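Visitor: Taken in sequence, the protein lines are chains A and R.
With this note's numbering, you'll find the first sequence wraps up at 399, consecutive numbering, no jumps.
With this note's numbering, you'll find the second sequence wraps up at 399, consecutive numbering, no jumps.
Check each hint, because a few of them may be wrong.
If several chains are the same, the list does not tell them apart, and a pair holds so long as it fits within one copy or across any two.
[Said to hold, decoys possible] Keeping only pairs whose Cα atoms sit at most 30 Å apart, straight-line, the calculated DSBU-like set for lysine-lysine is:
{"id": "1", "residue 1": "K228", "residue 2": "K341"}
{"id": "2", "residue 1": "K3", "residue 2": "K322"}
{"id": "3", "residue 1": "K3", "residue 2": "K228"}
{"id": "4", "residue 1": "K341", "residue 2": "K22"}
{"id": "5", "residue 1": "K22", "residue 2": "K328"}
{"id": "6", "residue 1": "K112", "residue 2": "K3"}
{"id": "7", "residue 1": "K165", "residue 2": "K106"}
{"id": "8", "residue 1": "K3", "residue 2": "K319"}
{"id": "9", "residue 1": "K387", "residue 2": "K106"}
{"id": "10", "residue 1": "K112", "residue 2": "K319"}
{"id": "11", "residue 1": "K228", "residue 2": "K328"}
{"id": "12", "residue 1": "K341", "residue 2": "K112"}
{"id": "13", "residue 1": "K112", "residue 2": "K322"}
{"id": "14", "residue 1": "K228", "residue 2": "K322"}
{"id": "15", "residue 1": "K341", "residue 2": "K322"}
{"id": "16", "residue 1": "K341", "residue 2": "K328"}
{"id": "17", "residue 1": "K165", "residue 2": "K22"}
{"id": "18", "residue 1": "K3", "residue 2": "K341"}
{"id": "19", "residue 1": "K328", "residue 2": "K106"}
In short, the hints are calculated from the structure, not lab data.
Predicted, not measured: the structure shown is a model, and the values here were computed from it.
Protein chains: 2
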Amino acid sequence: MKKIAILGFGIVGGGIPTVLEKNADPIRRAVGEPVGISYILDLRDFPDSPYADRVVHELAPILADPETEAVCEAMGGVEPAFTFVTACLEAGKSVVSSNKELVAEKGDVLLKTAAEHGVSFLFEASVGGGIPLIRPFSTSLAGERISGIAGIVNGTTNYILTAMKREGRPFSEVLAEAQSLGYAERNPSADVDGLDAMRKILILAALTTGNLADRSDVTVEGIRNVAKEDIEAADALGGSLKLIARALIGADGSLSLGVCPMIVPEDNPLSAVSGVYNAVSLTSPVAGDILYYGRGAGRLPTAAAMVSDVTAILSGAAKAEKAPVFTKRAPGFCRPFNGEKGSCYVRAEGSSAELSELLASLADSVEPVPGTAGFVVGGASAGEIEKALPDARIIRILR
Amino acid sequence: MKKIAILGFGIVGGGIPTVLEKNADPIRRAVGEPVGISYILDLRDFPDSPYADRVVHELAPILADPETEAVCEAMGGVEPAFTFVTACLEAGKSVVSSNKELVAEKGDVLLKTAAEHGVSFLFEASVGGGIPLIRPFSTSLAGERISGIAGIVNGTTNYILTAMKREGRPFSEVLAEAQSLGYAERNPSADVDGLDAMRKILILAALTTGNLADRSDVTVEGIRNVAKEDIEAADALGGSLKLIARALIGADGSLSLGVCPMIVPEDNPLSAVSGVYNAVSLTSPVAGDILYYGRGAGRLPTAAAMVSDVTAILSGAAKAEKAPVFTKRAPGFCRPFNGEKGSCYVRAEGSSAELSELLASLADSVEPVPGTAGFVVGGASAGEIEKALPDARIIRILR
């Protein structure tokens with residue numbers, strides 16, 4: 001039997017034993033022998049758990065156990081996760097992480113430490129929960145040029161926006177309901193303010209270009225200010241309002257990164273991604289658009305993604321694959337997202353004729369949107385419009 | 001420079017040089033050096049092509065060239081492709097194929113030959129064109145139990161059904177238009193009669209279970225008989241009519257395989273897959289539904305998938321991956337698809353009351369569908385309904 005340890009026995013970490021049981025047969029086929037749990041590190045005790053006897057409160061026994069080949073980190077946060085993961089890698093143990101904060105901040109260092117010690121650092125579960133998304137970047141897509149990424153990577157905000165659209169209810173009401181149902185946390189900031197999506201687009205862009213940008217380079221706008229009128233404007237344009245994590249990628253690996261509510265036209269499959277589902281769409285000038293879709297969060301899907309990485313490690317597949325390599329870039333590496341030209345929906349107080357005239361001076365095209373007080377402008381940057389119209393509501397349109 | 005040869009310089013084979021040029025930078029990064037073309041095997045000459053000097057009319061120079069490490073087979077058909085691919089593998093050259101007929105008929109033999117000679121036989125391009133779909137089955141999903149596959153895997157039929165729905169036109173008219181636009185072949189049988197989709201579901205089921213079933217085990221119904229009323233019935237149920245390639249998979253690897261028009265409910269993301277796009281959805285009891293979406297056909301997307309396999313071979317990644325292994329199963333291995341219980345839409349001539357009563361004797365539930373002359377029945381097998389009502393129109397509903 002092969003042995004793994006778990007760091008953090010919360011929602012996701014606590015799902016790992018279940019996945020190991022439910023998928024025991026295919027795991028044994030892939031690995032060549034059964035996979036069991038040696039230790040579970042948590043501050044708490046779990047006297048009622050069938051794994052109570054394996055709970056420890058410090059890392060030392062895991063580091064010292066030669067039978068523990070891989071470690072699943074599901075603690076969240078940068079510290080002490082970074083210190084613990086580093087210690088495991090240095091002790092010759094491969095590590096699997098679901099921790100997007102850790103990967104977005106320290107992924108470059110941890111990949112380097114893993115390579116130096118001949119082990120793997122994998123993080124399939126850090127983006128897109130149960131969707132096998134990370135590995136294709138290093139394998140199937142390795143010889144492909146990717147010019148853009150657009151993702152719905154946060155289930156909580158997608159649930160809230162879907163409910164606002166379907167039921168015509170305001171943000172605050174739907175958020176309260178989502179909190180009571182457990183779809184949103186009591187402190188919802190990481191989700192609704194776009195920070196979770198920001199970490200994920202940093203990771204996806206790093207996998208695509210090898211450049212891990214600084215978080216200060218990502219233009220981030222969450223969904224707190226999404227009004228009924230914004231959702232109606234998306235409807236009027238035949239699309240859906242979604243919180244989109246976006247990367248625009250130059251042929252030289254240059255980046256422009258943003259997270260913001262965008263109007264997704266109906267013919268883009270991201271427009272149909274509802275509720276807690278996630279999807280990531282990649283634009284390849286050669287292969288066309290590719291989209292991955294699935295359960296982006298949740299105990300078992302996320303734990304299943306971690307176990308998929310464990311399987312790759314214990315079967316030897318991970319060692320054979322080319323590991324991704326990131327270089328951490330100083331702030332200022334990315335082109336400003338607000339300066340990218342594109343299409344926007346713009347609404348502002350005051351005379352419609354004056355607004356139209358002003359917008360025409362900034363854009364290639366200006367078209368009124370019937371049934372709303374706004375315009376679609378083409379070939380303009382959100383930053384320029386904002387400078388000229390500081391009080392306007394500007395919503396980018398995903399093209 | 002690494003060298004590859006191309007067998008068959010038609011639509012897809014002819015796209016390979018373009019992909020090698022357009023993706024030259026990422027390919028060089030992944031492989032470590034540039035990739036060029038040594039020989040192109042075709043019966044024709046291409047005097048105006050920049051590759052005219054590399055065209056040969058027999059396999060011998062390719063087999064004899066020690067510099068040709070990998071061969072791209074884009075000839076189509078079982079023979080002479082099988083003979084040629086076998087000869088290449090036996091000569092120690094890895095082979096990449098876009099030929100679903102070959103893989104569905106002879107994939108087991110070719111994988112075995114490749115393994116015996118220490119080379120790879122890869123076929124990412126055989127299903128889903130540019131969508132990276134095949135590799136995840138052997139990697140990310142290796143430790144996952146998959147209980148079902150539902151795919152829109154034929155772009156021609158999806159284009160026709162989409163146009164029939166949007167424009168309310170009959171099958172024959174849309175087919176003629178698709179032929180004139182080049183979206184359907186002059187002999188459209190492989191597409192519209194479901195044979196292409198049949199080959200692809202045989203391949204996907206083999207990757208999932210290791211069992212390559214006989215084509216006679218797949219229940220196949222194409223889209224020739226799809227009537228306006230069928231599309232209206234799907235509309236009335238809030239869904240879309242799609243040609244679905246379906247596999248139901250037991251925990252023991254047992255299979256039930258079918259290709260048929262199905263009503264896909266709106267909340268299933270397959271319902272929104274329009275035009276020439278393809279998508280494959282996998283049901284995992286643990287990870288939830290996962291969907292892959294993209295351009296399922298076309299010169300460059302399919303050639304890009306072949307080049308992705310070439311990149312995996314020349315970078316050494318393919319050798320390190322666990323290659324799939326199939327066992328060819330004799331006819332009768334699969335459970336009959338018509339015997340699987342599920343939901344169907346049923347319409348028949350005659351008294352509605354009598355029809356309802358008869359259906360109630362075969363099913364768990366019978367509900368009239370407002371605005372149509374039919375019923376939705378639950379918990380019944382299409383085979384049993386057909387036996388009792390040989391003239392009825394029966395359309396399965398994807399759940």
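Visitor: Now look at each hint and say whether the structure bears it out.
Guide: Comparing the hints with the structure gives:
Proximity of K228 to K341 under the C-alpha cut-off of 30 Å is restricted to the intra-copy arrangement: shortest distance 26 Å within a copy versus 44 Å between copies. Taking the shortest alpha-carbon separations for K3 and K322, both the intra-copy value of 24 Å and the inter-copy value of 21 Å come in at or below 30 Å. Taking the shortest alpha-carbon separations for K3 and K228, neither the intra-copy value of 52 Å nor the inter-copy value of 58 Å comes in at or below 30 Å. Within a single copy, K341 and K22 get their C-alpha atoms only as close as 49 Å, which misses the 30 Å cut-off; across copies the closest is 25 Å, which meets it.
Only between protomers do K22 and K328 lie at most 30 Å apart by alpha-carbon distance; the minimum there is 28 Å, versus 38 Å within a single protomer. In the homo-oligomer, the alpha carbons of K112 and K3 lie at most 30 Å apart inside one protomer (24 Å), although the nearest pairing across protomers, at 32 Å, exceeds that limit. Taking the closest pair of Cα atoms, K165 and K106 never come within 30 Å of each other, the shortest separation being 37 Å inside a single copy and 50 Å across copies. For a Cα distance limit of 30 Å, the shortest separation of K3 from K319 qualifies both inside one copy, at 17 Å, and across copies, at 26 Å.
In this assembly of identical chains, the alpha carbons of K387 and K106 never lie at most 30 Å apart, being 35 Å within a copy and 64 Å across copies at closest. Within a single copy, K112 and K319 get their C-alpha atoms as close as 14 Å, and across copies as close as 24 Å, so both meet the 30 Å cut-off. Proximity of K228 to K328 under the C-alpha cut-off of 30 Å is found in neither arrangement, the shortest distances being 39 Å within a copy and 57 Å between copies. For the identical chains of this complex, K341 and K112 are neighbours neither inside a copy (36 Å) nor across copies (53 Å), given an alpha-carbon limit of 30 Å.
Proximity of K112 to K322 under the C-alpha cut-off of 30 Å is found in both arrangements, the shortest distances being 13 Å within a copy and 25 Å between copies. Neither within a single protomer nor between protomers do K228 and K322 lie at most 30 Å apart by alpha-carbon distance, with minima of 47 Å and 51 Å respectively. In this assembly of identical chains, K341 and K322 lie within 30 Å of each other by CA distance neither inside one copy nor across copies; the values are 36 Å within and 45 Å between. Only within a single protomer do K341 and K328 lie at most 30 Å apart by alpha-carbon distance; the minimum there is 27 Å, versus 54 Å between protomers.
In this assembly of identical chains, the alpha carbons of K165 and K22 never lie at most 30 Å apart, being 37 Å within a copy and 41 Å across copies at closest. Taking identical chains as interchangeable, the C-alpha atoms of K3 and K341 are never at most 30 Å apart, the minima being 52 Å within one chain and 41 Å between chains. Proximity of K328 to K106 under the C-alpha cut-off of 30 Å is restricted to the intra-copy arrangement: shortest distance 9 Å within a copy versus 47 Å between copies.
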